[in-house]
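Per this note's numbering, the very first residue in the sequence shown carries number 1426; after that it's consecutive.
The set of hints was computed from the structure by calculation and includes no laboratory data.
Worth double-checking, as some hints may not be accurate.
Capping the alpha-carbon separation at 27 Å, the derived lysine-lysine pairs in BS3-like fashion look like this [what the hints assert, rightly or not]:
| id | residue 1 | residue 2 |
| --- | --- | --- |
| 1 | K1499 | K1482 |
| 2 | K1531 | K1568 |
| 3 | K1533 | K1546 |
| 4 | K1482 | K1501 |
Across the chosen pairs, the derived CB separations fall in these ranges [to be verified]:
| id | residue 1 | residue 2 | range |
| --- | --- | --- | --- |
| 5 | V1528 | A1479 | 54 to 64 Å |
| 6 | R1597 | R1438 | 27 to 37 Å |
| 7 | A1479 | R1563 | 55 to 65 Å |
| 8 | G1587 | A1433 | 40 to 50 Å |
| 9 | D1580 | D1504 | 23 to 33 Å |
| 10 | D1575 | E1555 | 26 to 36 Å |
Cβ coordinates follow ideal geometry from the N, Cα and C atoms, glycine included.
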Amino acid sequence: MPPSREPAIRVNRLIRAPEVRVIDSDGSQIGILPVAEALRTAESRGLDLVEVSATAKPPVCRITDFDKYRYSLKKKQHDSKRHSGAHTIKEVKMGARTAEHDVGFKVKHIRRFVEDGQRVKLSVSFRGREITHPELGRTLIDKVLLEVQDVAQPDGGTRMEGRNMSVLLTPR
1426 MPPSREPAIR VNRLIRAPEV RVIDSDGSQI GILPVAEALR TAESRGLDLV
1476 EVSATAKPPV CRITDFDKYR YSLKKKQHDS KRHSGAHTIK EVKMGARTAE
1526 HDVGFKVKHI RRFVEDGQRV KLSVSFRGRE ITHPELGRTL IDKVLLEVQD
1576 VAQPDGGTRM EGRNMSVLLT PR
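Using the sequences provided together with the hints, build the complete structure.
Structure below.
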């Protein structure tokens, strides 16, 4: 069996410190006790002595059910991963000569993404000789920024990346 990636949690007899700060299952602090006495207290309640913070002096241990403790740790880790994924960037692409009506649709998409809390990258692509007229893209981006200024603000300036001009929009 390969070694697990999660940090080893010391429980009951695996706790090596001579004395530990003990926290009860309801969160109240019992005090600093020798490990043997803390183990007896935990076993008399039918619970485990779980090392919560090994780096503290003395180490902090909690009297709790180990399976419930491990489950709550995994739940916290899962929630933090889920919330960190909220920082994705949506991209809305347009051509340098996109028609007025189509720009309106793209603005609606940008508004919806920004109102959902997403960041939006607005890209204007240049085809063929359009690249010789970057002012077309700049005016298009300025027009879109004016239409969404109540819900979004540009994050940094407009920049050229090859044949694309882009700006990053963040929610207000």
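Okay, the hints, checked on the actual structure:
1. For a cut-off of 27 Å, the pair hint linking K1499 to K1482 stands: about 26 Å separates their Cα positions.
2. Between K1531 and K1568, the direct Cα distance comes to roughly 12 Å. Compliance with the 27 Å bound is thereby established for this hinted pair.
3. Restraint check for K1533 and K1546: satisfied, since their Cα atoms lie roughly 14 Å apart, inside the 27 Å limit.
4. Among the hinted pairs, K1482 with K1501 is consistent with the structure: their alpha-carbon atoms are about 25 Å apart, no more than 27 Å.
5. Distance hint check for V1528 and A1479: the Cβ-Cβ separation is about 58 Å, which falls inside the suggested range of 54 to 64 Å.
6. A C-beta distance of roughly 56 Å is found between R1597 and R1438, which places it outside the suggested range of 27 to 37 Å.
7. The supplied range of 55 to 65 Å is met by A1479 and R1563, whose beta-carbon atoms lie about 57 Å from each other.
8. In this structure the hint that G1587 and A1433 lie 40 to 50 Å apart at CB holds, the actual value being about 49 Å.
9. A hinted range of 23 to 33 Å holds for the C-beta pair D1580 and D1504, which are about 26 Å apart.
10. At roughly 30 Å, the beta carbons of D1575 and E1555 sit within the given window of 26 to 36 Å.
Hint compliance for this structure: hint 6 alone is broken.
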